[in-house]
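Visitor: The chain contents come next:
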Amino acid sequence: MKAVTIIKKNKLLFLVALAYAVIFIVSPEKATKSVGNSVYYLIEMLQVLPVIFLLTVVIEALVPKELIMRGFGEKSGFKGNLLALLLGSISAGPVYAAFPISKSLLGKGASISNIVIILSSWAVIKVPMLANEAKFLGVNFMAIRWMLTVIAIFIMAYIMGSFVKKKDLPTEASQQGVLEIKEEYCVGCGLCEKLLPDYYEMKDNKAVVKMMPEGKEVAQIVRESVDKCPSKAIAFNMEGNAS
Amino acid sequence: MDIFTILFWVIAIVLTIISFVKNKKKTLAAMKKSKGMMGNMMSEIIAIIFLIGLVLTFIPPETIKSVLGSANTYVSTVVAALVGSITLIPAFVAFPLVGSLVDAGASIVPAVAFLTTLTMVGIVTFPLEKKEFGTKFTLTRNALSFGFAVVIALTMGVIL
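The listed protein sequences derive, respectively, from chains A and B. For reference, each letter of the first sequence is one residue, going 1 to 243 in this note's numbering. For reference, each letter of the second sequence is one residue, going 1001 to 1160 in this note's numbering.
Just so you know, not all the hints are guaranteed correct.
[Unchecked claim] List time: in silico DSBU-like cross-link candidates among lysine-lysine, alpha-carbon distance up to 35 angstroms:
#1 A:K33 to A:K2
#2 A:K75 to B:K1035
#3 B:K1024 to A:K108
#4 A:K79 to B:K1131
[To be verified] Partial list, computed: chain B residues near chain A (C-beta under 10 angstroms):
#5 I1048
#6 G1053
#7 Y1074
#8 P1090
#9 S1107
#10 G1134
#11 K1136
#12 G1147
#13 I1159
Note that these hints are calculated values from the structure, not bench results. Computed from a predicted model, the values in this text were never measured in an experiment. Every residue, glycine too, gets a C-beta built ideally from N, C-alpha and C.
Extracted from the complex, chain A is given alone in its bound form (with noise of 0.2 angstroms):
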């Protein structure tokens, strides 16, 4: 059973190992060569891994998103769309990670076009991933995509904003007073245990709902956790209080 997981967790590292025992079975000079290949562009990638660790904590510490969350409304204009580009770009994870962080932005009034200005950017301008492009493709090639990029967000960010309305995004039809963690956002960060141990717990890297909250008070409290889950993946509806 334990295997089996081991295995799962790591399908493509299984693959490719199986795969390098088959050639050194067959061909054991091209394996040796492919390993050869391998420790050069892992020697390479050893070199930024370290710089793109610390830049992402350094993101992560020292800018306050929450600060820059507050500025983009219907009416922020070119400054919005800058504060959008910059929590995109600052943001570390897929794409996908950004969609619960963008919906709830929407719920407080961001525009259309600044959405797509953080998804956009959120999924191709990395700052820490500069230095990995740079080092793999030449300062050249990224400064250049980088421009080109930019330009080219900007130009969609505006496209869409005219095109697609408020009215045809869903709207959140989640039932009253239930408590739920969308699974595919939760990053296993364990916070909403360490906060409300009653609520919440951990399952194979995973949080879920232990209990659903009952009453005005802890509803309160639930409410703040769910603020402060860091890819915001609880959903929670209060009376009346939908957001």
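Assemble chain B onto chain A, guided by the hints.
Guide: Just chain B now, with coordinates in the frame of chain A:
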């Protein structure tokens, strides 16, 4: 190490020290979070790198060059953009992968198209995006992103 890598190292270390001085607790918490995130990706990173080694051994650079370098740029760019839309590998490992192909002589234009659609267009994440933002938004955003990925790629081909 080349000068730019060293530069990135210096910037990263200086910023980390500043962050530590300013808020030690927050920095440590951020480190823990990033460590978890990177730890999850580590096996995939190593796997892809060893895959690159295999690819380079069995498909020699000359072949890559003749297939990805000389074929019709427009066709190969659109194909690369399509492949990028479908696959879901982290950008993290995409750079060494694409870098190795370019080193081996592949044309830069499809490489850029691939890199851009890889992260910006998501066929796999389409249902998730649709659930959150609706069909019209998702369809328009992904279509526009695809189009612009090709435009960015072609423009880069002209500049570089």
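Visitor: Hey, A:K33 versus A:K2, does the alpha-carbon distance stay inside 35 angstroms?
Guide: Cα-Cα ~33 angstroms, so holds.
Visitor: Have a go at the B:I1048 hint: is there a Cβ in chain A nearer than 10 angstroms to its own Cβ?
Guide: Interface hint status for B:I1048: holds (7 angstroms vs cutoff 10 angstroms).
Visitor: Minimum Cβ distance from B:G1147 to chain A below 10 angstroms?
Guide: 9 angstroms, holds
Visitor: Against chain A, with CB atoms and a cut of 10 angstroms, does the hint on B:I1159 hold up?
Guide: At 6 angstroms from the nearest chain A Cβ, B:I1159 passes the 10 angstroms test, so the hint holds.
Visitor: Holds or violated: is there a CB of chain A closer than 10 angstroms to the CB of B:G1134?
Guide: 5 angstroms, holds
Visitor: Does B:Y1074 pass the interface hint, meaning its C-beta sits closer than 10 angstroms to a C-beta of chain A?
Guide: Nearest chain A Cβ about 18 angstroms off; hint violated.
Visitor: With a cut-off of 10 angstroms on the beta carbons, see whether B:G1053 makes it to chain A.
Guide: 3 angstroms, holds
Visitor: At a threshold of 10 angstroms, is the proposed contact between B:K1136 and chain A supported by beta-carbon distances?
Guide: 5 angstroms, holds
Visitor: Is B:K1024 within 35 angstroms of A:K108, Cα to Cα?
Guide: 31 angstroms, holds
Visitor: Quick one, is the B:S1107 hint okay against chain A at 10 angstroms, beta carbons?
Guide: Interface hint status for B:S1107: violated (13 angstroms vs cutoff 10 angstroms).
Visitor: Quick check on B:P1090 please, does its C-beta sit within 10 angstroms of some C-beta on chain A?
Guide: 7 angstroms, holds
Visitor: Need the status of pair A:K75, B:K1035: alpha-carbon distance at most 35 angstroms?
Guide: It is violated: about 38 angstroms lies between the C-alpha atoms, which goes past 35 angstroms.
Consistency with the previously given hints fails for numbers 2, 7, 9, ordered from lowest to highest.
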